[in-house]
Structures are given as structure tokens and as C-alpha cells.
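A.B. asks: Using the supplied hints, reconstruct the complex from the two chains, each of which is provided in its own coordinate frame.
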Amino acid sequence: MSGLSILVVIPTTRGPLRLRSLSPRPGLPAPAAFADRDYRPLPWSADYARLCAPGGPVARLGGAAESPHELRLSGSFDAGRSWEVPVCLAHGLAAHGHRFVAEPAQADLILWATGAVDRDLAVLPGDYALLDKIERSRDLLAEAPDVPLAALLPEGPERAEAETALRALVRTRAPRILPAADVPAALDALTPPKGADGPAPRRSGGRFALPAGAAAAAGLVGLVGLVGFIALGSRPAPVIGAAYDPAAGPASAAPAREAETAPPSPPAAKKPAAIRVEELRAPPGSSCRRVAFGADPPERRPVESEGGERLAPTRLVPELCGLAIGAAPGLRLEIGPELRAAALPPIRLADGAQGFFLREGGRQNLVYAVHALPEIKALPEAGAALPDERLVHALTR
Amino acid sequence: MSEDARLLAEIHAARVLTRARPSAARPSHAALWAHANREPGAPVDLAVVRALRSDPEAARRYRTLLGAQAVAHALLAAAASDGALTRRRVGPFELEILEGTPPLLILRGPDARMPRRIEAWLGDEAVRLDLGEPVDGTILLALDPAVAEADRLGQMLRDPACAVFLL
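Chains as they are written, first to last, in the working numbering: chain B, 1 to 397; chain P, 1 to 167.
The shape of chain P in the complex, shown without the other chains (with noise of 0.2 Å):
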């Protein structure tokens, strides 16, 4: 190799190295916590965003930050299932889907702390609604097509591998 070849690759090797660093620096600690507790809609740290999906360290960090102030979480449906699922609990919460036009999400639980919130991962997707009042114990979501979020996370409440938040 000639010595302007070698030149050249050692050129072209720095800068994937240096191409390289962004994608490598995880989001901060307090990042992490901001991107948590987010109202759900709210605008974004696409960085924070971009390592959530692209770093399985920085999304393992995150989960655990966000199953530490849960209310309740489950990494993973509970009971075994070989189809989609209609029902499963998380914590001492039971969410139930009620088939339908449009599909309803029932979440009952105990009265003394109801969550706020939810998300749901499933893979590197995630998706945060903000639950109603309770009314008697229980919250209900209509899990509308019309409306992508809570679609999506009727769909993704139906997969045993998605983990749930309560928040």
C-alpha cells in the first residue's frame, strides 16, 4: 500500500470514528428523568428519543428509571397466552380490553392510588396516554382506531412481550 493509500484510509477511518462519537454519548441521567415524566404529547428530546431505540443501554436505563416511580409495571404479560391478549394484569391492576366498536380499555384496580398515566413498550416503540378520572375504581379508555396513540396501544396491549407502565 502507498503511503498516500494508506494516508487516505487512515482519513477515512477517523472520520467514521468521529461519525461514530454521537450515536455513543448516552443521554444524561437528568435527561432520562425529564424524557419520564413528560405530560403525555409533549414535545420531545429527539436525542433522548434517537438513544431510547438506537442504545439498549440507554432504553435499559430509561425502563428502569420508569419502573422505579411506577405505580405499578410489568415488563411482560404474566399468564401464558397463545393469541393476542384480552386481559392481563399489572401489579394490583387488571386491564381488561372489551372487544368492540371501538374497543374499550378497562382498568381496575384498588381505589387508594389510581395511576395517571400509562406506557406501553413493545420492542423499541413506546407509547404514553394520560388515563382518565376513575370513576368507581375504574378507568376506561376507548381504544378508538380514529385516534393513532390509544390504537396503538390496544395493539400493543394485545402483545404478551409488551411491557406496561402505570404511572
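Bound-form chain B, shown alone (with noise of 0.2 Å):
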């Protein structure tokens, strides 16, 4: 039981969070995730809980993961998915005997993680507002220079800055990565084999604290340094393509004032081809859960165009999973707040469009706008070829 005592920082867009600990809690009958000063389960507890049940994805990183634990944050955020990657790491390193710590000055290894992810643990790509996300976890990475930082930064737009700017960060020893594509991978780069017994911990000065044969004997895992951030609070600004925004605040009760519109007569007026919008829908047989977590791919149904900057209206039935959002080449999409507020973090699908999957609490009347416009790099030769174009839609009961 020579664990070591590791600081997890979830890192939302409105600052970061500690993870203050995670203690299997026999006789309750579900996992559940708690904030400090509420004594109410967080809103995404119930997540929490079927990613933990036992066969999940995370009963298979070992150890008492199986059995239901109490997970307690220093604070609250309502919705997004990017906790899931740090609080995977966290019963992975739990299992390895290793403990927690809310204050950087006690850690031995201060671990930045975000992102979401999928039934095998795989880190979905997507935009995570790692810089944002940086930026306001820079004080309390401040406050312990000397502790060794490792991150795990999933793919996305801002991956490369994100890491540039974690490597600025000052600090004794260079940030670690870790590799972003699985939490097993991720872990195989911060614990040892199960052959090669944990050396003792190492309180500060050492070298990265945890044991490295695993990683050594495998040499696969480029462990770069820990800098996962999850990003949770609200961007100011419409975000392109994936805004992965889980504490965009509560969910836009903007109202559909114009969805009263009776059955739509699509006038096949010209259909801007800068954007495409699609309804994701579970198949028969399948459930939106099961398409969220990737088990069964959703069917895509296009929204028709009522005219001039109009969709169609889309209800809301039970098997809209969620809408997918795709530019033309040379474009870049700016989704309305009122969506993102709505859905989860976006994801990259196959044909590069985005994947907005609706949250529980986000199946309300709304309106929002696309806007697509030129990218920087493409305004020379986009000339005539593409305007910006904007679209209204409308999700309705």
C-alpha cells in the first residue's frame, strides 16, 4: 500500500475542480457523486453511475471499482461529459492502492485530465476548451511548482496550443502528456506493470513519482505529461464546430416562438449547401443511450428547408438523439448558445460533421441559429464560391 498521494484536477471552463475523494461505499445501492456543501447528488450522477456499474467500462480497470463508490468534488457543475476522463483515471489509480488529495502542496503528482468517453474507454476527440481551461487552472497549478504535473489532453482543435501553453507553464519538471487515446493506455503510463512492485512514494524532488517499469517495459506509451483540462464553464462566444461546454449554465429556456407552424410544406427553395443539418435519431430497437455511447450508430435524417434561412421545425420525440451539424469545405460553423447549452460537448463524426447529442434536461422548446463563415486561411480562394450563410431551427414538443 505504498500509493502515492495524487491531486486530480477536473478543470471546467469556470475553474478547476478537485477531486477530494473516492471511497467505495458498501450498501449503497448505486455509485454517486457528491460536491462539497450540497447534500443533493450531482445533476450528472446518474451518469456517473452507469459508467461505474458493474460490467461497465469502468469495473474493468480492476481493483474495488466494482463495487459503488462515493465520488466528492470540491464543487458543482451541471452539465458535459469532459469529468468522465479524469474520474475513469481516478478509479484506475484508486485500484493501483494509490490515494487523494484535495491541496497541491500534499500531492506527489498533481494529474489535469478531461474529456469524455466511450463504452472501451477510448477518449472521444472533440473541442474541450483546453486553453480556456488552462488558463484558469493556472493558479492552482501555481500554488505547487515543484510537484510533478502529468495531463492528459484528448484530440481536438486546440490540442497542440493546449500543450504548448501547458509546457509554459513554470514549473521544476516539464509537464508530462499522457497518451490521449484510452484511459488503460493513460494509466499503463502512470502505474506500473503488475509484476514490477510500487516503489514508495516519493515526496517531492523526485523524479515523476510513479513507478515506471510499466511504462519502460512496454516503451509504448509516450508519457507525456498529465494536462487534461475539463473545460465546464461558458464561452463567451459562439464556438466552432464542437463546443464542449459542460457548464454552459442551465439549459437556454429560450422559447420556440415560431414552432407553431403546421405540417411543413419544404418549398425546396434553394438549400444553402454551406451547412447541413441532420437528425440524429435512435434505430429501432436501440435507444439514445446506446447511440451516445457509440454502441449503435444513429440514423441521419435531413432537415428540410422552409424557405429563405428556415428550417424546418424538429420535435422532440423520444428518438431524436440529437442533431449533427456539418460545413461545406473553406467553412467554419458557429452553433447558437441555445444548443450547446442544450446538448453534449460535441462530438467529431465520421463525416467531420458535429454530434450534437441532446442532454436529459435539454429536451425543451428552443431556437437556435448556425452560422457558418469562411475560415481565415480559405477567404482568398473562397471568393464567390461561399458566402457566410445562417440558419434558424427550431426544436419544439
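Quick caveat, the hints were computed from the structure, so don't treat them as lab data. Cβ coordinates follow ideal geometry from the N, Cα and C atoms, glycine included. Treat the hints with care, since some could be wrong.
[To be verified] Footprint (simulated), chain P over chain B, 3 or more residues, beta carbon under 8 Å:
| # | segment |
| --- | --- |
| 1 | 120-131 |
| 2 | 170-180 |
[Said to hold, decoys possible] Derived DEER-like restraints, expressed as beta-carbon distance ranges:
| # | chain 1 | residue 1 | chain 2 | residue 2 | range |
| --- | --- | --- | --- | --- | --- |
| 3 | B | R138 | P | P40 | 42 to 48 Å |
| 4 | P | G100 | B | P283 | 40 to 46 Å |
| 5 | P | T64 | B | R138 | 57 to 63 Å |
C.D. replies: As C-alpha cells, then:
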């Protein structure tokens, strides 16, 4: 039981949260997550319970991961899935006998990670607002510049810049970037294989205290620094493509005022080719939960245009899981905050479109706008080809 | 007794009666109804709270009102116990305190209609808390010592004399 004292930082766009404890609680009907100074489980506690259910992804990490745990964080947030990677890593670290502390100065290692996972614990690429999260974590990390820092940065539009930003932090040793393919790979990089007995924790000074046997033996995972920031806060401006915005605040209650239109009579007006909006539906016999976790591919149905910049309203039927929004080459998208607030952090679909899966609490009437703007680099040759386009789409009950 | 002394005594008695009158004024039915339907943590009518603590009749009326609109309620723990309770039934619901740090309150019940709030009474003291959303027919609450009301609720629920209203 020579585990390390690890501070797990869950970065959000409202600031970093700290994992205070992760304790097995025999007798608990299901895993539950709480925040300090709140007696009720966090809004996403049910998602946490599903992630950690017996036979589920986290249970495969071994240890006592299969018994119900109580997860306690230093604060709360409303939505988003970027807590999944740090929480899965914490379960894996606990299974290896490591323990958690909430103060940087007490830690042998600071683990900064963000991102969502699929059922195989693969880290989903996306826009996790890494730069914003790193910036907001700066003060916390600066409290203990001597403590080794490891980070997991998921693939996404800001990853390279985020790695540069992390390496630019003032620290005694350069941060290590963990492999971002999946959680087990990151854990392998952090912990030794079973054969190598973990040495006693090394307070400060020492190199990255984690037993290095595994990584060395495998020789694979380029353990780079752990730098994962879970962005939760809201970002002021609309974000291109994957607007990973877990803490975008309460779902926008934007009323869908013009949603009363009778059956859509698509006048087959010139459909703007710059933006394509499709419904993501659960196929018969499946469910949105299975679709969201990648167990079943969604059915995609194009949303018809009603002429002008309006799309036919979409009904919020149970089988509607979300929307796929794509742009023509050379264009970038700005998605209205109403949809971003009502959906999980977007994921990149196979064809490059952004998938916005609706949150359980986000199934309310809303109207959002999509704006396609020429990418700065594409401006010279975009010329007459594709001027900026704007579409308005309503989701109604 | 001289005339002056008797007059002084009458004035004193009248003053006592005058002062006693406000506490004798019982809260109206509407005031009790508003108090029974308040949101946890919302401002309360202090006159009503005072009456509930000092006037047994007002307290009885209030609990009758509360019981009438509760999904389930129990004025006492049904099971005999010689110590602190960790499990009790309230109608079709089961409340269990899972000891630990912090203790957790587990509320299980039929899926059909889960309560949204809990109010506990012990003597003249009451605590009302919001219940979160159920997950698989179970509601969890952390009886965290750092949250005064949740901590107090846990202490009260361990007392067999505590009345529980699930609203």
C-alpha cells in the first residue's frame, strides 16, 4: 500500500475542481457523486452510476471499482462529459492503491485530465476548451510548482496549442503528457505493470513518482505530461464545431415562439449547401443512450429547408438523440448557445460533422442559429464560392 | 388594599392581558397552508414559525395539514428500537442511513410517485430539505456535517420520536 498522494484536477471552464475523495461505500445502491456543501448528488450522478455500473467500463479497471463508490468533488457543474476521463483515471489509480488529496502542496503528483469516453474507455476527440481550462487552472497549478504534473489532452482543435501552453507553465519539471488514446493507456503510463512492485511514494524532489516499470517495459506509451483540463464553464462567443461547454449553465429556456407552424411544406427553395443539418435518431430497437455511447450508429435524416434561412422545426420525440451539423469545406461553424447549452459537448462524426446529443434536461423548446463563416485561411480563394450562410432551426415538443 | 393600589393592580393585569393576546392569536389556515407549501430554504413567516413552536394547537393543525398533502408520513418510527435508528419505513418508502463519512440517507420506494421534499419534526424543531431526482427508484442525500440542515436531519431521523413527512 505504498500508494502516491495524487491531486486529480477536473478542469472546467468555470475553474478547476479537485477530486476530494473516492471511497467504496458498501451498501450504496449505486455509485453517486457529490460536491462539497451540497447534500444532493450532482446532476450527472446518474451518468456516473451508469459509467461505473457492474460490468461497465470502469469496472474493467479492476480493484474495488466494481463496488459502489462515493465520489466527492470540491464543486459542482451542471452538464458536460469532460469529467469522465479524470474520474475513470481516478478509479484506475485507486485500484492501484493510490490515494487522493485536495491540496497541491500535499500531492506527490498532480493529474490534470479532461475528456469524455466511450464504452471502451477510448477518449473521444472534441473541442474541450483546453486553452480556457488551462488558463483557469493556472493559479491552482502555481501553488505547487515543484510537484510533478501529468496531463491528458484529448485530440481536438486546441490540443497542440494546449500542449504548448502547458509546457509554458512555470514548473520545476516539464509536465508529462499522457497518451490520449484511451484511459487504460494513460493508466499504463502512470502506473507500473503488476509485476513491478511499486516503490514507496517519493515526496517532492524525486522524479515523477509513479512507478515507471510499466511504461518502460511497454516502451510504448510516450508518457508525456498529464494535462487535461475539463472545461466546464461557458465560453463567451459561439464556438466552432465542437463547442465543449459543460458548464454552459442552465439549459437555455429560449422559447420557440414560431414553432407553431403547421405541417412543413418544403418549398424546395434553394437549400444552402454551406450548412447541412441532420437529425440523429435512435434506430428501431435501440435507444439514445446506446447511440450516445457508440453502441449503435444513429440514423441520420436531413432537416428540410422551409425557405429563406429557416429550417423545418424538429419534434423532440424520444428517438431524437441530437443533431449533426456540418459545413462545406472552407467554412467554419458558429453554433448558437441555445443548442450548445441543451446538448452534450459535441463530438466529431465520421464525415466531419459535429454531433450534438441532447442532454436529458435539454429537451425543451428552443430555437438556435447556425452560422457558417469562411475560414480565415480560406478567404482568398473562397471568393464567390461560398459567402457566409445562416440558418435558424427550432426544436419543439 | 388602598384604592390606588387596587387601581395599580388592575392596570398591571390589563397590561398582562394585552401583552398575552398576540401570542394567543393563531395563524390562519391560509398562513399554515403557505408554510406547508414553502420551498426549502425560502423565507418564512416568523409569526407562523413562532406559533408552531409555542402553540401546540397550531402545531397540531399544521401537522394535520402536512400529513394530508404528504405522499407518505409517519409520526413515529414504527419499529421498536433501543438505540439510534438507521432504518425506518414511511408508508411505502424505506429510509436507511448508511453510516460513514459522511452518512448517506437512502430513500427507496415505488417508482410511481417519488417525493420531492422531506420534512422532519422532533419536538418543536423542524427541518425541510429538497430531495433530488431519483435514480433507479432510489434517492440519495448526503447527511454532511458541513451542511447544517442535512446534518440535523440525520440526527433527527435517528430518533424514534421524529415525525417524517415525505412531500
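A.B. asks: Are the hints correct? Go through all of them and say.
C.D. replies: Hints, verified against the model:
no.: 1; hint: 120-131; result: violated (count 0)
no.: 2; hint: 170-180; result: violated (count 0)
no.: 3; hint: R138/B <-> P40/P: 42 to 48 Å; result: violated (38 Å)
no.: 4; hint: G100/P <-> P283/B: 40 to 46 Å; result: holds (43 Å)
no.: 5; hint: T64/P <-> R138/B: 57 to 63 Å; result: holds (58 Å)
When each numbered hint is compared with the structure, violations occur for hints 1, 2 and 3.
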